[in-house]
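The primary structure of each chain is shown beneath.
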Amino acid sequence: METILFKDEHLLIGNFGHFAVVLAFVAALISAFSYALSVNRNVSSLKELGKWMFFIHAISVVMIFFSLFYIIHSHYFEYQYAFQHSSTELPVYYMISCFWEGQEGSFLLWMFWHAVLGVILIFKSKSWQAPVMTVIALAQVILGSMLLGFQIGDFKIGSSPFELMREHNPEALLIPVLSTIEAKANYLQIFKDGNGLNPLLQNYWMVIHPPTLFLGFAATIVPFAFAFAGLWTKRLKEWIVPALPWALVAVMVLGTGIIMGGYWAYESLNFGGYWAWDPVENASLMPWLLMITATHMLVINKSTGKYPVLTLLLTIFSFFMVLYATFLTRSGVLGNASVHSFTDLGLSGQLLLLLFFFIFLTFALSFKSKLSAYIYFFLGFIPIMVISLFKFDIDSIAISWFGTAIFLVATVWFVKNLFKLFGTNIETDKLYSREFWMFVGSMVLLLSGFQIIIMTSIPVFNKLFGGSKASAGPDYYNQIQLWFAMVIVLLTAIGQYFKYKQSDFKKVLESISNSLLIAIILSVGAVFLFKIWELKYLFFLIASIYAVVANLHYLITVLKSKVKIAGGSIAHTGFGLMMIGILVSSVNKKVISVNNTGTGYFSETNAQGMVDEVAKTNNKENLLLVKDKTVLFTNKTLRATFNAVTEEKPNKYFSVKYEVLDEKGQVKDEFTLKPNSQNNPKMGLISNPDTRHFLTRDIFTHITYESSMEDKTEKEFENFRTDTVQIGQSFPTGDGNRQLTLTKINIIEAPEQGNRLHLQAEVIVNTMGDTFIARPEFISEEKIRFKESVINKAGVLVVFDRVITDPNDPKNMLFIITSGTRRPILDYIILKAIEFPYINLLWLGTFVLIFGFTLSIIQRFKEFNKREAKNI
Amino acid sequence: MKPVHIVIIVFISIGLAIGISFYGDTSKYVCFAEADQLAKDKPNMKLHVVSTLNTNKPQIYDPQKDPNYFEFYASDTTGMEKRIIYHNAKPTDLEKTDKVVLIGYSRGDYFEAVDILKKCPSKYEKK
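Residue numbers (the working numbering), protein chains in the order written: chain A, 2 to 873; chain B, 303 to 429.
Hints listed in this document are in silico derivations from the structure and should not be mistaken for laboratory results. Errors might be hidden in some of the hints.
Reference excerpt, derived from the structure (chain B facing chain A, CB under 8 Å, subset only) [as the list claims (entries may be wrong)]:
hint	residue
1	Pro305
2	Ser315
3	Gly317
4	Ile320
5	Asn346
6	His350
7	Pro369
8	His389
9	Lys392
Ideal Cβ placement from N, Cα and C applies to all residues, glycine included.
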């Protein structure tokens with residue numbers, strides 16, 4: 002084969018980027034080894050080497066980032082990543098979003114945050130630096146390997162973001178236009194623009210939500226690293242103090258990222274809500290729930306020294322859950338279960354490596370003897386990796402069981418070791434102690450997480466053990482999680498009144514009942530305000546209000562309004578507010594665009610006049626709005642008019658004027674919403690909602706269909722009618738708006754001159770004073786043919802069907818004429834509108850929660866710094 | 303028995319209950335024939351059918367008549383074809399989709415979809 006000298010390629014920047022990938026990988030590897038060797042040996046030169054190597058690593062990661070950004074920004078479409086995820090039209094501020102559309106970019110983002118956290122830890126982790134940094138550097142080695150893109154035989158290690166399009170997809174150059182060598186060399190003349198970024202990602206929230214979420218994911222490695230370091234250096238009690246503030250950071254950032262995602266979904270997706278229990282959403286909630294449980298256990302352990310094994314387990318499993326969640330969303334295993342589709346880029350093997358490597362490494366640390374630790378590690382890790390990387394065809398369920406059994410035995414052994422290590426002696430718990438109730442609360446959080454993990458993992462179980470179970474729908478989650486949430490809010494209210502170790506039950510009871518009394522009085526008002534009547538929701542409402550009241554009460558009476566130390570109470574207040582917001586906005590969420598017009602294929606009464614029970618329950622949530630026709634909603638307090646369409650490429654905006662009516666039907670307020678849609682060549686019609694925010698409710702509107710999408714060719718004419726007339730007779734069209742008169746029949750060919758009869762009718766069309774002449778033709782040969790006549794200006798179709806003899810007068814001829822009228826081109830939209838009452842409480846609660854977390858983080862970092870200062 | 307033990311026992315049993323309930327309550331992936339069979343015993347069980355749209359068969363959506371009625375044909379993985387009725391607006395990105403997961407109930411001569419999960423092939427698409 003001849004070598005082709007490709008023209009106009011910019012290879013330098015790609016080579017530079019690839020060099021940075023390799024450098025980042027090698028530097029992380031050296032850093033991890035140097036740090037690891039310096040642990041338990043106290044060789045400061047090794048520690049220094051590890052530190053500098055990590056700096057080099059961090060700089061390389063930044064270089065990878067800039068190289069890729071430069072490629073996207075300069076529109077170098079010879080690079081696969083830029084070709085696939087960007088286009089020349091893309092505004093600069095969305096170019097950053099290209100990083101999270103592709104997998105390589107997301108791993109890069111994850112690595113970037115690890116690098117940032119690593120650099121902070123080098124300066125801030127003091128006596129913990131070496132073991133903690135070993136963990137971070139090791140994670141970077143594995144993540145870095147995912148960007149390598151080396152091909153060894155059949156195995157591909159990682160997927161490089163700097164791969165050229167022609168390398169990634171050599172068939173692209175085989176298209177007919179590029180048949181000559183010269184054309185091939187100039188292939189960039191053809192590939193002038195990229196595929197573009199998914200329009201759903203071209204949104205303000207999509208610029209900030211993914212990096213926040215990834216920072217949250219990345220931050221879970223820090224508490225894990227401290228737990229790991231504690232186990233490794235046998236500082237079994239001390240690791241709690243530095244791990245706690247970092248656990249809070251992870252929980253806060255991850256939580257903020259999740260809520261941002263919910264807000265994005267609410268503002269720009271059209272499923273009408275902020276949470277749908279989709280596996281991808283659950284994948285972010287699972288580690289969060291474990292991490293928040295771990296955080297509470299860390300607090301208990303720090304104050305009382307109790308439950309050390311459980312605290313350690315939860316902290317490390319929060320990190321494992323992040324790895325597992327990444328595997329779920331990136332390996333394609335979710336397949337049919339999620340609306341988000343993620344295909345396997347061949348990285349799932351490395352993801353499993355990351356997961357199991359850390360699991361078995363941590364588990365092995367629980368052995369006292371080094372030899373048993375090594376044996377345990379290799380006996381566990383190697384078979385699991387062999388099983389998960391090579392897909393055996395024979396009897397794979399047995400192999401799945403074998404792998405699961407290895408994993409379970411290894412875990413039980415690890416837990417057993419931990420109990421030995423920490424000593425099983427647990428002093429008796431006092432029922433009236435804070436740690437006991439916090440422990441109960443943590444267990445409820447854990448159960449809540451357990452339920453979500455089990456349900457979301459169904460596709461994994463299907464894959465492992467065979468089966469065809471489907472994931473559950475949102476109602477299933479809501480009905481179970483409601484009870485967990487109810488217990489949790491109650492415990493956040495009661496728990497704090499107890500003191501650690503032992504409290505005076507009478508005093509506790511007094512405080513509890515005082516705040517409960519206030520809460521119940523407030524609840525009476527709230528029930529009428531929020532209109533919550535169903536018993537279980539009523540209990541949940543009272544419990545949430547109680548949580549808000551009790552936490553505020555505690556803040557004022559016990560903490561004497563000292564905000565600095567009140568992080569917990571403030572966060573719990575915020576959580577209570579969020580729960581009220583979620584409850585009210587979802588229980589009383591109302592689709593207000595109920596359609597009661599139109600004839601329908603399935604009317605509620607069937608042909609026999611009986612009420613059809615199935616049809617009665619049919620969904621009627623989409624409403625037809627014909628342009629400039631005002632429609633009153635069934636709730637009688639709102640009416641809507643679709644009054645204009647404006648185009649701002651690529652979006653089409655539909656103005657819908659809403660008028661709010663009072664009891665007498667008078668307009669008391671009006672506003673206009675502009676939901677939009679864009680016809681994307683790749684994804685079809687994408688519609689974005691528009692929402693009007695009021696203090697006490699939101700009105701959400703989106704377009705589900707619009708007239709220009711209709712297939713008009715089939716339905717061009719309607720109101721067909723057939724008349725039998727004689728010459729000179731007039732008859733109306735089907736809609737009654739036009740008058741037709743048959744004036745004359747022209748004989749173009751008569752049967753005597755051959756076998757052919759060819760007739761033409763002259764029909765005068767009279768519409769609103771204008772007259773036109775239609776000339777439909779009837780041709781009889783071997784077959785009968787018609788030449789229809791369409792009068793566009795009158796919107797009429799005339800067909801000359803047949804000639805018959807008058808049955809009453811055989812000498813007379815009659816003519817059969819079919820006419821139709823053009824279906825008027827109606828501008829209309831199909832709209833769905835939802836009212837969300839009091840959703841602002843959810844957002845308010847979120848801010849309060851984040852504020853509370855921030856206070857706790859500051860307080861806990863101060864405690865760690867004090868502790869370290871004492872050590873020196 | 304210490305309170306902690308009681309708590310642990312209670313929680314493990316709730317955990318087991320969740321684990322067991324997930325085997326009973328949740329829906330299944332089936333083909334149309336199985337769906338018809340299952341519907342005889344449990345007409346209210348929501349089922350998932352992985353299917354492909356039949357684009358050569360007519361689709362009915364006439365929003366001026368009823369904006370909440372969409373009818374089309376789809377084939378399951380065994381190739382069996384069924385009429386599908388979806389009481390909602392016609393999903394706008396359906397033409398760009400090859401595979402859909404229909405969630406709903408078998409109603410004899412047709413399948414009533416309450417939800418249509420679309421696989422959007424464009425994301426992470428390999429060209």
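Against the structure, the hints:
1. Pro305: 5 Å, holds
2. Ser315: 11 Å, violated
3. Gly317: OK, holds: Gly317 of chain B within 8 Å of chain A, min 6 Å.
4. Ile320: Where the cut-off is 8 Å and the nearest Cβ of chain A is about 5 Å from Ile320 of chain B, the hint holds.
5. Asn346: Since chain A brings no Cβ nearer than about 12 Å to Asn346 of chain B, farther than 8 Å, the hint is violated.
6. His350: 4 Å, holds
7. Pro369: Since chain A brings a Cβ to about 4 Å from Pro369 of chain B, closer than 8 Å, the hint holds.
8. His389: 4 Å, holds
9. Lys392: Given a least distance of 6 Å, the restraint on Lys392 of chain B holds.
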